[in-house]
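Peer 1: Once you've looked at the hints, dock chain B against the given chain A.
There are 2 protein chains.
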Amino acid sequence: MLLLESKRKEVPMPVPELRVIPVTGVPEVKEGDDVGRLLAEAAARQGTPLQTGDVLVVTQKIVSKAEGCVVRLDSVTPSEFAIALAKQWEKDPRQVEVVLRESKRIVRMDRGVIITETKHGFICANSGVDASNIADMDSVSLLPADPDASARGIRQSVQQHANADVAVLISDSFGRPWRMGITNVAIGVAGMDPLRDERGKQDAYGRLLQTTMVALADELVSAMDLVSQKANNIPAGVVRGFPYERTEGSGRALLRDAATDLFR
Amino acid sequence: MLLLESKRKEVPMPVPELRVIPVTGVPEVKEGDDVGRLLAEAAARQGTPLQTGDVLVVTQKIVSKAEGCVVRLDSVTPSEFAIALAKQWEKDPRQVEVVLRESKRIVRMDRGVIITETKHGFICANSGVDASNIADMDSVSLLPADPDASARGIRQSVQQHANADVAVLISDSFGRPWRMGITNVAIGVAGMDPLRDERGKQDAYGRLLQTTMVALADELVSAMDLVSQKANNIPAGVVRGFPYERTEGSGRALLRDAATDLFR
Numbered sequence: 345m346l347l348l349e350s351k352r353k354e355v356p357m358p359v360p361e362l363r364v365i366p367v368t369g370v371p372e373v374k375e376g377d378d379v380g381r382l383l384a385e386a387a388a389r390q391g392t393p394l395q396t397g398d399v400l401v402v403t404q405k406i407v408s409k410a411e412g413c414v415v416r417l418d419s420v421t422p423s424e425f426a427i428a429l430a431k432q433w434e435k436d437p438r439q440v441e442v443v444l445r446e447s448k449r450i451v452r453m454d455r456g457v458i459i460t461e462t463k464h465g466f467i468c469a470n471s472g473v474d475a476s477n478i479a480d481m482d483s484v485s486l487l488p489a490d491p492d493a494s495a496r497g498i499r500q501s502v503q504q505h506a507n508a509d510v511a512v513l514i515s516d517s518f519g520r521p522w523r524m525g526i527t528n529v530a531i532g533v534a535g536m537d538p539l540r541d542e543r544g545k546q547d548a549y550g551r552l553l554q555t556t557m558v559a560l561a562d563e564l565v566s567a568m569d570l571v572s573q574k575a576n577n578i579p580a581g582v583v584r585g586f587p588y589e590r591t592e593g594s595g596r597a598l599l600r601d602a603a604t605d606l607f608r
Numbered sequence: 345m346l347l348l349e350s351k352r353k354e355v356p357m358p359v360p361e362l363r364v365i366p367v368t369g370v371p372e373v374k375e376g377d378d379v380g381r382l383l384a385e386a387a388a389r390q391g392t393p394l395q396t397g398d399v400l401v402v403t404q405k406i407v408s409k410a411e412g413c414v415v416r417l418d419s420v421t422p423s424e425f426a427i428a429l430a431k432q433w434e435k436d437p438r439q440v441e442v443v444l445r446e447s448k449r450i451v452r453m454d455r456g457v458i459i460t461e462t463k464h465g466f467i468c469a470n471s472g473v474d475a476s477n478i479a480d481m482d483s484v485s486l487l488p489a490d491p492d493a494s495a496r497g498i499r500q501s502v503q504q505h506a507n508a509d510v511a512v513l514i515s516d517s518f519g520r521p522w523r524m525g526i527t528n529v530a531i532g533v534a535g536m537d538p539l540r541d542e543r544g545k546q547d548a549y550g551r552l553l554q555t556t557m558v559a560l561a562d563e564l565v566s567a568m569d570l571v572s573q574k575a576n577n578i579p580a581g582v583v584r585g586f587p588y589e590r591t592e593g594s595g596r597a598l599l600r601d602a603a604t605d606l607f608r
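Chains A and B supply the protein sequences, listed in that same order. With the working numbering applied, the first sequence covers 345 to 608. With the working numbering applied, the second sequence covers 345 to 608.
Think of the hints as simulated: they come from the structure by calculation, not from any bench. Remember, it's a predicted structure, so these values are computed and weren't measured experimentally.
The list cannot tell twin chains apart, which means a pair is met if one copy fits it or any two copies do.
Here are the computed lysine-lysine pairs in the BS3-like style, where the Cα-Cα straight-line distance is at most 30 Å: (1) LYS431 - LYS545; (2) LYS545 - LYS435; (3) LYS435 - LYS448; (4) LYS374 - LYS545; (5) LYS463 - LYS448; (6) LYS431 - LYS448; (7) LYS431 - LYS463.
The following block holds chain A by itself, in its conformation from the complex (with noise of 0.2 Å):
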């Protein structure tokens, strides 16, 4: 012990900073693909291996794709609720249709925009359908089924494939009330408590912090996001160096219940 403290004050202190690190090179994902596998496979390939406490967070588009959530706008019936609408804002009716089925809820509507409780209890714009970046221009996304089960099954995929226990996040980039612009938040979670819970923890000068929870899964999402921004939207990146507490962890622990709701 002593001699393992005195080695200890001999390291000198370093910057503890953090590199967020684009996962590029990906190939086309396609349904019945091994995101985890692809992942760690194209990480290992541009000299970045995975390794044991990164944060790697996957963004929701090629999840759904390797689950098949996609559904092809020629399957679809509108209904005649979907048909009004579309007319209304020149919109594809099947797509209103797929939007309002994803829905568990309408919170809003105008101008075009549905913004929508999804089945899972998020609230965002079309409940997370979108057209983007899917090869079949007449096809378009859902938010996958079980954002938490997509994480947890990459994350026992890297573990096999690059022998690395990460924490996994899905994420999905949503518009906000009161501020512009859409962020990115974290839809699911595996390996890691989302939140860290500052209740109870005191201040630089022993006052204890009125604030409670930090959405730290958000903002290691938001991280992410800048390098996918900056190479082109790759699909996933690497957050590393970031300690966090290794839990199962739940993306539903960042739904707010709407009766402790100030805010909405």
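Peer 2: Coordinates of chain B only, in the frame set by chain A:
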């Protein structure tokens, strides 16, 4: 030109990663201090001098301290309204008075939490009035009066003391509707466009992107919060390697106009 081009081809494509570097060893900030200079010096001392192209994220608290945006509670006479509110929730009526004075309107009020719209137009808890991390236990800090001006001042000072053209973002942590946990947001901006406008851009398959604006500044300050969390609430950090559009910029661009806000 030909030579340059052939040289360019020989350079292996590096993975375009980001670094998020905390600025450690910043001394206790006092009224009148030059924050830009303190940060430039601290960054140099730790071996990571500020560089042109860096995004320097500065937490609101040290900016407020330097600008004297700190109120001694024994100088505050609470109104009848503040006294009544404070009594209901066992709060300090003087602190409630300061919250009210800093607000333009009260958005919601329940269970001892006051969500206000600040004079600047930010929607946050307690008008951003905060008692944590202030040496004087009987004082509270306010948000800077003009966070964009604060950011511009720090930027100029960094230019002078580190000879580096950086963008500066002033950050604070706000709660938000729908989702649990606070995240960092940019309240002041200098030297960059806080939003990336994707309208009119195409996806990988040539389809027009539906998404309009990405709130880069909020994602940048969220990335910095991760190192702040990690390094015991250090007051500033640098995002290095993120290309941005250099313009004057303003945090006001991140405020969503009520008339077009379907999320609230």
